[in-house]
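**Student:** Sequence:
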Amino acid sequence: YPVMIKASAGGGGKGMRRVFAAAELVPALDMARAEAQAAFGDPALLIEKLVMRPRHLEVQVAGDKHGNVVHLFERDCSVQRNNQKVLEEAPAPNLDPVIRAKLLERGVALAQAIGYDNLGTVEFILEDGFDEPWFLEMNTRLQVEHPVTEMITGYDLVEWQIRIAAGERLPALQSDIRESGHAIEARITAERADQGFRPDTGRIEGYAEPASIRVDSGVRAGSEVTLFYDSLLAKAIAAGPDRATACARLAAGLHDFAILGPATTLPFLIDAVEHPIFAEGKATTRFIEDAFPSGWTAKRPRQRLARAVAVLLWLEKRDTARPSVDAWNTLSGFRLLAPAGGVATSRLIADEEEVVTKLEVQLLPNGRRVVLDPDGEIELALRSGADNFELFFEDRLLRGIHATSEERVRLTLDGETFDIGVGSEARPAAATRGGGAGSGAVLAPMPGVVAEVRVRPGDRVEAGQVVIVLESMKLFTSLSAGVAGIVAEVTCQPGDTVQAGKRLVLIETASSS
Numbered sequence: 028y029p030v031m032i033k034a035s036a037g038g039g040g041k042g043m044r045r046v047f048a049a050a051e052l053v054p055a056l057d058m059a060r061a062e063a064q065a066a067f068g069d070p071a072l073l074i075e076k077l078v079m080r081p082r083h084l085e086v087q088v089a090g091d092k093h094g095n096v097v098h099l100f101e102r103d104c105s106v107q108r109n110n111q112k113v114l115e116e117a118p119a120p121n122l123d124p125v126i127r128a129k130l131l132e133r134g135v136a137l138a139q140a141i142g143y144d145n146l147g148t149v150e151f152i153l154e155d156g157f158d159e160p161w162f163l164e165m166n167t168r169l170q171v172e173h174p175v176t177e178m179i180t181g182y183d184l185v186e187w188q189i190r191i192a193a194g195e196r197l198p199a200l201q202s203d204i205r206e207s208g209h210a211i212e213a214r215i216t217a218e219r220a221d222q223g224f225r226p227d228t229g230r231i232e233g234y235a236e237p238a239s240i241r242v243d244s245g246v247r248a249g250s251e252v253t254l255f256y257d258s259l260l261a262k263a264i265a266a267g268p269d270r271a272t273a274c275a276r277l278a279a280g281l282h283d284f285a286i287l288g289p290a291t292t293l294p295f296l297i298d299a300v301e302h303p304i305f306a307e308g309k310a311t312t313r314f315i316e317d318a319f320p321s322g323w324t325a326k327r328p329r330q331r332l333a334r335a336v337a338v339l340l341w342l343e344k345r346d347t348a349r350p351s352v353d354a355w356n357t358l359s360g361f362r363l364l365a366p367a368g369g370v371a372t373s374r375l376i377a378d379e380e381e382v383v384t385k386l387e388v389q390l391l392p393n394g395r396r397v398v399l400d401p402d403g404e405i406e407l408a409l410r411s412g413a414d415n416f417e418l419f420f421e422d423r424l425l426r427g428i429h430a431t432s433e434e435r436v437r438l439t440l441d442g443e444t445f446d447i448g449v450g451s452e453a454r455p456a457a458a459t460r461g462g463g464a465g466s467g468a469v470l471a472p473m474p475g476v477v478a479e480v481r482v483r484p485g486d487r488v489e490a491g492q493v494v495i496v497l498e499s500m501k502l503f504t505s506l507s508a509g510v511a512g513i514v515a516e517v518t519c520q521p522g523d524t525v526q527a528g529k530r531l532v533l534i535e536t537a538s539s540s
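Heads up: the sequence shown begins at 28 in our numbering, then just goes up one per residue.
Derived from the structure by calculation, the hints contain no laboratory data.
On a predicted model such as this, the values are computed, not experimentally measured, just so you know.
Treat the hints with care, since some could be wrong.
No more than 27 angstroms apart at the CA atoms, straight line, and that leaves these computed lysine-lysine pairs for BS3-like [stated by the list, open to error]:
{"#": "1", "residue 1": "Lys326", "residue 2": "Lys309"}
{"#": "2", "residue 1": "Lys326", "residue 2": "Lys385"}
{"#": "3", "residue 1": "Lys326", "residue 2": "Lys262"}
{"#": "4", "residue 1": "Lys129", "residue 2": "Lys344"}
{"#": "5", "residue 1": "Lys76", "residue 2": "Lys129"}
{"#": "6", "residue 1": "Lys129", "residue 2": "Lys92"}
{"#": "7", "residue 1": "Lys309", "residue 2": "Lys76"}
{"#": "8", "residue 1": "Lys385", "residue 2": "Lys344"}
{"#": "9", "residue 1": "Lys262", "residue 2": "Lys309"}
Could you build all of it, start to finish, from the sequences and the hints given here?
**Tutor:** Pasting the structure below:
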């Protein structure tokens, strides 16, 4: 120990478990076997030595039916969560030329040895501080991260794969293949990064891609993200003449990416790309633990501005929907025009995450707006459409999308999503939905399908004992009892589809009985 359990029939982080002591082995084998069966239809497992601080490096290879095999250089895919890649780049930063030569030589040698005739990726791990890369696996297909290789070589790898399958010779030989510049890709997934990257589901209400970078996506406004598929929504890819430029362009593009609906990893990705460890090219597969040792949490630097935008959007919707402007339709605390051509003023209440804020909105004669809150005033110019807006603030143009109702405004701003209740002082904002359960309640942390129910009413359980196993997006999560006691109620059975927050098991403690 430590060892890594891995599914034999596939990868992508499914069917993988780290084991640090003998007591953990059997439960980890059971979970990995179940995931492998669900994801690949094959429960077979491998057990390998666990390398604690590796870099994940891989070589893009291509072979044809005429015996030609080439590489298209390497990629670094070290930034991962749950053993699944998050950020990928080419070429690998801060890599010793001797190690690079070993990677490329061995990747080609493996493909030649098996007479490979397709696009493929030979993956290696390199222990931090060592110079000998170890073979990990070969993916006999085109991978998610192939765009970064396309960006530095100028070749269309999808075209290559089709031509190879048609029996043609490789479009280029090794002496023809050159690399230029640097490229980085970020995988945008429907997950709550602030809750251990748990999957999230729901309908995408609004979707807008940045125009400044390449985006490969599989969703649009109106798409339904379900729990039955992988959580990947889109890939954002940026390139530049050097790594620093590629990083800056990717970060700028992520700031302008807007997805309204399920939670996404956009704000986490922005923090990751801008973090010094990544910026210096020193990330290992433990990047998230190293960069965010207490877990990632959203900084939300635009929270105050988003609240101001929300109340302006809400006022615009109310004014548009109101049949006429007269004393009988005017909200309490609102006056159309102050004496002698003054400002129009509205007094409102906003709530977000059960924090209530009183605001005053002033419409200035020049069409600009001022929002006053307990921290002062925010002056801005806002132009909005049915589901989008442009905001001029502090000499910068910000774009976002919104869904505005009579009581709430959901909007995206600078890569983050905000859900804000709005109302007048006479009609307060709707309270944020919430409410917790007692410590004896085991709740579904995400939408999913119940894979196992390990307790029955009347059973005695200990704190930390696994009582439910939940499957979501092909990953299994063990749900444990938070307290010791007697199982009073089980509200699910294997095969049930449950929503996030549903109570699955209720445990009565001695103090509650």
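**Student:** State for each hint whether it applies.
**Tutor:** Evaluation of the provided hints:
1. Lys326 - Lys309: holds (23 angstroms)
2. Lys326 - Lys385: The hint holds at about 22 angstroms.
3. Lys326 - Lys262: The hint holds at about 23 angstroms.
4. Lys129 - Lys344: violated (62 angstroms)
5. Lys76 - Lys129: holds (22 angstroms)
6. Lys129 - Lys92: Judged against 27 angstroms, a Cα distance of about 25 angstroms means the pair holds.
7. Lys309 - Lys76: holds (23 angstroms)
8. Lys385 - Lys344: Roughly 19 angstroms between the alpha carbons, so the hint for Lys385 and Lys344 holds.
9. Lys262 - Lys309: holds (22 angstroms)
Going through the hint list in order, the structure does not satisfy hint 4, though it satisfies all others.
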